[in-house]
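Participant: Residue 61 is where the sequence shown starts when you use the working numbering, and the numbers rise one by one after that.
Incorrect hints may have been included.
DSS-like cross-link-like pairs, simulated, lysine-lysine; straight-line CA separation at most 27 angstroms [claimed, not checked]:
#1 LYS321 / LYS236
#2 LYS290 / LYS310
#3 LYS321 / LYS290
#4 LYS236 / LYS310
#5 LYS275 / LYS236
#6 LYS321 / LYS256
Between beta-carbon pairs, the in silico distance windows are [as the list claims (entries may be wrong)]:
#7 GLN195 / GLY106: 43 to 49 angstroms
#8 ASP309 / GLN190: 25 to 31 angstroms
#9 GLU105 / ARG240: 35 to 41 angstroms
#10 ALA297 / GLN195: 42 to 48 angstroms
#11 ARG220 / GLY145: 45 to 51 angstroms
#12 ALA217 / GLY248: 40 to 46 angstroms
#13 ASN247 / ALA217: 31 to 37 angstroms
#14 ALA98 / ASP293: 43 to 49 angstroms
#15 LYS236 / ASN295: 35 to 41 angstroms
#16 GLN205 / PRO242: 33 to 39 angstroms
#17 PRO242 / ASP293: 29 to 35 angstroms
#18 ASN216 / ARG266: 24 to 30 angstroms
I should point out that these hints are in silico values taken from the structure, not numbers from a laboratory. The structure displayed is predicted, hence computed values, not measured ones. Backbone N, C-alpha and C fix where the C-beta goes; we use that ideal spot for every residue, glycine too.
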Amino acid sequence: MSREPLMNRKLLMFGGGGLAVAAIAAFAAWFFFIRSDAPEAVSLEGALETLRTPTAAGQAGAGSTPAAGATAQPGSGGGSSAAGGIDGAWGIAPAGETFVGYRVQEELAQIGAVTAVGRTSDVRGTVTIQDGTVQPGSSFTANLQTLRSDRSQRDNALRRQALETDLFPNATFTLKEAVRLPAGFANGEAFSTTLKGALELHGVTRDVEIPAQAKVENGLIVVVGSIEIKFADYNIAQPRAAIVLSVEDKGIMEFQLFLQKQ
């Protein structure tokens, strides 16, 4: 009886085992080092969920850092009116998950296309509402030096490349045109608008129009929005690194704000 079939079966068996081991190793590498758990893009419903789910409240999304002195104070659920009316000054609330961040498409060596998401909850500012109208001059500033993503290498690179946060630590948006709120806003009516103002980023200030949504929930004003940012408009050079094969020449700036009456 020929030994060749038996040898072939052994080779197939060991070869198949080798392929299985390689497949497991590849999956482990993907799961622990490569896979991207980029958080979802901002949405009003997603923001409201952080108030409605006690276990989620106060837990910053992937790549975000807690604001100084912030503590989790989830809303009681259900309530939607603003106590004492809507007029007055509103600042960052400790409840919810306030953040400002970026979303950029990258191509990484031996990994492929990923969505890079970095966020910081180190945000300060005030909105002033008078006679049901958000007043011009309302502004918010984000500390870009505390941006965090899923890769510390990326975060460190941004200190000297692209955003160059060592040189330009802050980004500020200032509202230039008043925003009239609907009559039912104080009682929980959701509202879509365009925020027209000036964005200062990387030492450059440009007029922008940011699509946004807002709603009163548990006595807080919740605001979300996002806008495409072309790097060239703000003199931002695309970052370079050995692992980075390419980066798009634009990205998304997104924000999620929880405001309480002061």
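Participant: Which numbered conditions among the earlier hints are violated in the structure presented, ordered from lowest to highest?
Facilitator: The structure conflicts with hints 3, 7, 8, 9, 10, 13, 14 and 15, although it agrees with all the remaining ones.
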